[in-house]
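K.L.:
Okay, here's what each chain looks like letter by letter:
Protein chains: 2
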Amino acid sequence: MEQVLKNIRVLDFSRVFAAPDATQTLGDLGAEVVKIENPKGGDDCRYLGITSEALDELGGPSPSFRAFNRNKKSICIDLATTAGQEVARSLALKCDVMVNNFRPGTMQRFGLDYETLSAQNPGLVYCDFTAYGSKGDLAPIGANDLALQAHSGLMSITGEEDGDPVRAGSAIIDLHASLAIVSGVLAALLHRTKTGRGQHVETSLLMSSAHLMSYFYQDYWLTGHIHRPMGTANHLSVPNQAFPATDGHVIIIAPSDEMWRRCAHALDAEQLDRPEFAKASDRLRLRKSLVPIIAGITSGFTKQELHNRLSAAKVNVSIVHDISEAARHEQLEAIGGIFHHHNGSTTRNYVATPFSMSETPGEMRSGPPELGLDTDDVMRNFGYEPEEIEKLRSQGAFGRNEQTVGS
Amino acid sequence: MEQVLKNIRVLDFSRVFAAPDATQTLGDLGAEVVKIENPKGGDDCRYLGITSEALDELGGPSPSFRAFNRNKKSICIDLATTAGQEVARSLALKCDVMVNNFRPGTMQRFGLDYETLSAQNPGLVYCDFTAYGSKGDLAPIGANDLALQAHSGLMSITGEEDGDPVRAGSAIIDLHASLAIVSGVLAALLHRTKTGRGQHVETSLLMSSAHLMSYFYQDYWLTGHIHRPMGTANHLSVPNQAFPATDGHVIIIAPSDEMWRRCAHALDAEQLDRPEFAKASDRLRLRKSLVPIIAGITSGFTKQELHNRLSAAKVNVSIVHDISEAARHEQLEAIGGIFHHHNGSTTRNYVATPFSMSETPGEMRSGPPELGLDTDDVMRNFGYEPEEIEKLRSQGAFGRNEQTVGS
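Heads up: the sequence lines are chains H and C, in that order.
If you count the first sequence from 1, position 181 lands on 181 in my numbering, and the numbers rise without skipping.
If you count the second sequence from 1, position 11 lands on 1011 in my numbering, and the numbers rise without skipping.
Since no wrong hints were added, every one of them can be taken at face value.
Facing chain C, according to a computed beta carbon distance under 8 Å, are these residues of chain H, among others:
#1 G133
#2 G136
#3 A147
#4 A210
#5 L222
#6 A327
#7 S358
For the record, the hints were derived by calculation from the structure and aren't laboratory data.
The model shown is predicted, which means the values in this text are computed figures rather than measured ones.
From the three backbone atoms N, C-alpha and C, an ideal C-beta is built for every residue, glycine too.
Just chain H, same shape as in the assembly (with noise of 0.2 Å):
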């Protein structure tokens, strides 16, 4: 079966985590991505949260890379020339979706604005994403994860009771916005197969963390609670968090009495079984006197014990996994979420597409490109005369002194 994004090509000039990640799904979906990368070294990310000694080791670029760059070819174009930005124009007067992260303005100073591109391009979907978004005073504010993680609360509620704010590990804010340009991106192609016309989608950091946070933001506009950070508990019922193991942690939550109970006899009938714990009500009420009586009980046990007992119960058990653990669990891949990507005698893992689909799935068909790899094929698949690809190498559209490789 064709995939859906079969023939539908996408300018990519976005960098780092968000919008990289979101074009790698489009790759995913069949679309052939184009990522236009500086001639000075390329994307950041390609050096990102690595030393340069490992990175050398590694033999090509860094994990987080590798991780959203899937699926592209890469072509390097010098914007600071008025030759490169003659040739993203006339690339982007050939594509179907554009998609850029630089701050606000900048793509205007290049002439490759959506107004400029759609006026010779209405079919074109194109997509700024910015961290506080084009309007208002935080616009021009420059802005990653952690400083909307700050900025939208999420840091406010995570972290130790009374103790001080934490961030959530991982780049969160970033990721979940790569799903909102996807959505985004395919919404306005589903719109073009109706009309023939393209339109402008935006989305932001601040918007995904926004997301990511309505159901606090509705509590307080609603009641005017304020919630602050738990530990690994919440709100909503008890147990319902972290508790230890002789060798690490399990979560276990119980919210219903039902549950609850199966979950007394599974740890320890005669201290949990109590009147006192039967309702769900009483159990919130009594967290701080309860939760060290199952914290004694659990830590008799190893994790393993633990998941044992309690998923035998029909209880809602899960382990602290550290990233190797979680890297290596068996039922990540059971479900297909991992794919197995081959070039010559190696076999490297990528995590897969995000959501599979019975007849059009996600695939990998190359791994990260090399930077500027793919220029001159690019430049031809897009109509280009050899002569015209040397005479802009002359005058430095993709970069001055531009090493290209293997063409």
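Chain H is already provided as a structure; the job is to place chain C on it using the hints.
P.N.:
Relative to the frame of chain H, chain C by itself:
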């Protein structure tokens, strides 16, 4: 302009957070969303995270239910009855999209699984949302957002350095999954415009969490590195974390050497603009001595003073807001991030669709529905005659002792 999902009918069997939030977004884009609720109180989310006294005072469903259920009609169906199952099947044959988050196997028991329905309605886009997916050893295990924060390793990198694991304070894995559902459904609808055929879309808390953790798994798979919690900091650069102010905390991020120099001058040039801190690699190496020096300086200023000084110097800065500051912040309003819904004399705020579209924007047409209020209307819209509806009612399809409100 006609909304992109105008004339698309969504039958929504989902409860609680992720999937209801997804169908809400489909509703924002113009779909007619029919929420099927059990007659014994409906979606548990109606009562979640709020005392019954506060619920009474509010005169309606919980803040969480309101956050995830605008633009929907509510219809009560008792899926434990044969008549109820038959009604649900007959509605499904007249729908374009179906979404459910029952445990694997439940929809089969009701005769509402993809195979059964697609045989009669080949255009149907059908989405299963589960905890750990529908295959593998963990498929039958119950889980929620917290369980997957643990299972995925997110919790193991969230918290104070050398402290206990901590959860991200919001149900981020749930709400991220929401947009995985939206993306999968929109991709399937796009495929349907080309082929006329629907398909089976699946996602899970596990896939959502793996997507949010993908770059940590990639790092582990490639280098064996196992990340650990770092409070508000990360491993990318210094400074890149929260610092104390007299009245709270601010985030300061200055990854490049130029931005660091501006940061040093905006705070205290004498202490900070020193050769030993001038290079990014040195700042990373000297983290343990540099961070306390910066903290000593920032703790003499208010949050707003720090924000003003650093943003004027074009240094990335943000304030650690509590929920009230975040929800009231004017920037979200400035970018159209809040829907204001008028109902009689009251106006309520809702976090808007997480992306904007210039031609076919998300809209709020109706607030969260009363339980079962639309049962008769929906049945009539789907072609049932009044006598048929009454017959089904007498057979218990809509629940025994059902109180039909307002019809």
